[in-house]
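Undergrad: Letter by letter, the chains look like this.
There are 2 protein chains.
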Amino acid sequence: MPSKARIAVAIGCTAAVLLANTAFAQFRKNEDAVDYRQSAFTLMSNHMGRLAAMAKGEQPYDAEAAKQSARLIHVVSQLPWEAFVPGSDKDGARLKDDPWAKADEFRKLQERLAGETDKLVEASGDLDALRKQVGATGAACKACHDQFRKI
Amino acid sequence: MPSKARIAVAIGCTAAVLLANTAFAQFRKNEDAVDYRQSAFTLMSNHMGRLAAMAKGEQPYDAEAAKQSARLIHVVSQLPWEAFVPGSDKDGARLKDDPWAKADEFRKLQERLAGETDKLVEASGDLDALRKQVGATGAACKACHDQFRKI
Numbered sequence: 001m002p003s004k005a006r007i008a009v010a011i012g013c014t015a016a017v018l019l020a021n022t023a024f025a026q027f028r029k030n031e032d033a034v035d036y037r038q039s040a041f042t043l044m045s046n047h048m049g050r051l052a053a054m055a056k057g058e059q060p061y062d063a064e065a066a067k068q069s070a071r072l073i074h075v076v077s078q079l080p081w082e083a084f085v086p087g088s089d090k091d092g093a094r095l096k097d098d099p100w101a102k103a104d105e106f107r108k109l110q111e112r113l114a115g116e117t118d119k120l121v122e123a124s125g126d127l128d129a130l131r132k133q134v135g136a137t138g139a140a141c142k143a144c145h146d147q148f149r150k151i
Numbered sequence: 001m002p003s004k005a006r007i008a009v010a011i012g013c014t015a016a017v018l019l020a021n022t023a024f025a026q027f028r029k030n031e032d033a034v035d036y037r038q039s040a041f042t043l044m045s046n047h048m049g050r051l052a053a054m055a056k057g058e059q060p061y062d063a064e065a066a067k068q069s070a071r072l073i074h075v076v077s078q079l080p081w082e083a084f085v086p087g088s089d090k091d092g093a094r095l096k097d098d099p100w101a102k103a104d105e106f107r108k109l110q111e112r113l114a115g116e117t118d119k120l121v122e123a124s125g126d127l128d129a130l131r132k133q134v135g136a137t138g139a140a141c142k143a144c145h146d147q148f149r150k151i
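So the protein sequences, as listed, match chains A and B.
Take 1 as the starting number for the first sequence in the numbering used here and just add one per residue.
Take 1 as the starting number for the second sequence in the numbering used here and just add one per residue.
So that you can see chain A by itself, here it is in the shape it has in the complex (with noise of 0.2 Å):
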């Protein structure tokens, strides 16, 4: 597949999982709504921890694992919000500041991390577009670890 359509590709499976955040509840209890959104975060960092090794040269650099990698994290990176439910603060919940008190600030760093994702399977590539593509996505990352996730 030539990238052009590869990238359509991915662009079209990220829509498709935006739309399905707006479905219905999709948690029986709070509990379901943490574990979800965490394991989300789980295959996002693995497949960051994969990229970020290419960018870093620990890695031999591979365009089609790099792409994979790329989509995965942006089809992924749009699940775990519908799961920040009121409420689902406890069971294992790693918040330390208020997700749903500071909705518009949440929701611009989640849509930041969308566009950094976006740029991320284009960068995805070229190994000087990625190394520069995976400080940007990491960044985004961080930007909303260090306002709401306890370490």
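Hints are supplied without guarantee of correctness; some may be wrong.
Claimed, not checked - Part of the chain A face toward chain B, derived, beta carbon under 8 Å:
1) Q26
2) Y36
3) A40
4) T42
5) R50
6) V75
7) I151
Unchecked claim - Dumping the calculated SDA-like pairs for lysine to any residue here, alpha-carbon to alpha-carbon at most 25 Å:
8) A:K150 x B:F27
9) B:K29 x A:K29
10) A:K142 x B:E31
11) A:K119 x A:A139
12) B:K29 x A:F106
13) B:K102 x B:D62
14) A:K90 x B:W81
15) A:K142 x B:W81
16) A:K29 x B:T42
17) A:K142 x B:K29
18) A:K29 x B:R94
19) B:K56 x A:D32
20) A:K102 x A:Y61
21) A:K142 x B:R28
22) B:K96 x B:K119
23) B:K56 x A:N30
24) B:K150 x A:E31
25) B:K56 x B:L127
26) A:K29 x B:D62
27) A:K96 x A:Q38
28) A:K142 x B:D32
29) B:K29 x A:Q59
30) B:K102 x B:D126
31) A:K90 x B:T42
32) A:K132 x B:F27
33) B:K150 x B:E122
34) B:K29 x A:R94
35) A:K96 x A:P86
36) A:K150 x B:D91
37) A:K90 x A:H145
38) B:K150 x B:G138
39) B:K150 x A:D91
40) A:K29 x B:K150
Quick caveat, the hints were computed from the structure, so don't treat them as lab data.
Ideal Cβ positions, reconstructed from N, Cα and C, are used throughout, including at glycine.
With chain A fixed as given, assemble chain B onto it according to the hints.
TA: Below, chain B without anything else, positioned relative to chain A:
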């Protein structure tokens, strides 16, 4: 996007993810592998629950949401298998049989699931087809759980 194009998008994503699995070892320690595969299963289970709720009439059928869940299941269900790294039978693992000693059986069950989730994407656009295919997909999940997963 017309439905054929949407299905093509989902298949494109899956092919991409399948390729990613062959790249290189991706887990620093066995605990990370267990966490990764359980995270993928958590997302799959949640979205199977969404589809089952529609199939049973517990939630109204929403063709878009159903397609999106089916596509996500299809993509994410490719992820866990590389995380069954030899030795990762502890650290919260819930194995009752040995997927490494029974690698052929384990692989066949993975292939069965991949076939059913592929059909699930197609079936998700029609409630009657979805009902049937949620059953077939759930049976593929169960076949593997019955043999390999500790309850």
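Undergrad: Against the structure, test the hints numbered earlier, and report the numbers of the ones violated in rising order.
TA: As far as the earlier hints go, 7, 9, 12, 13, 14, 15, 20, 22, 30 and 33 are violated by this structure, in ascending order.
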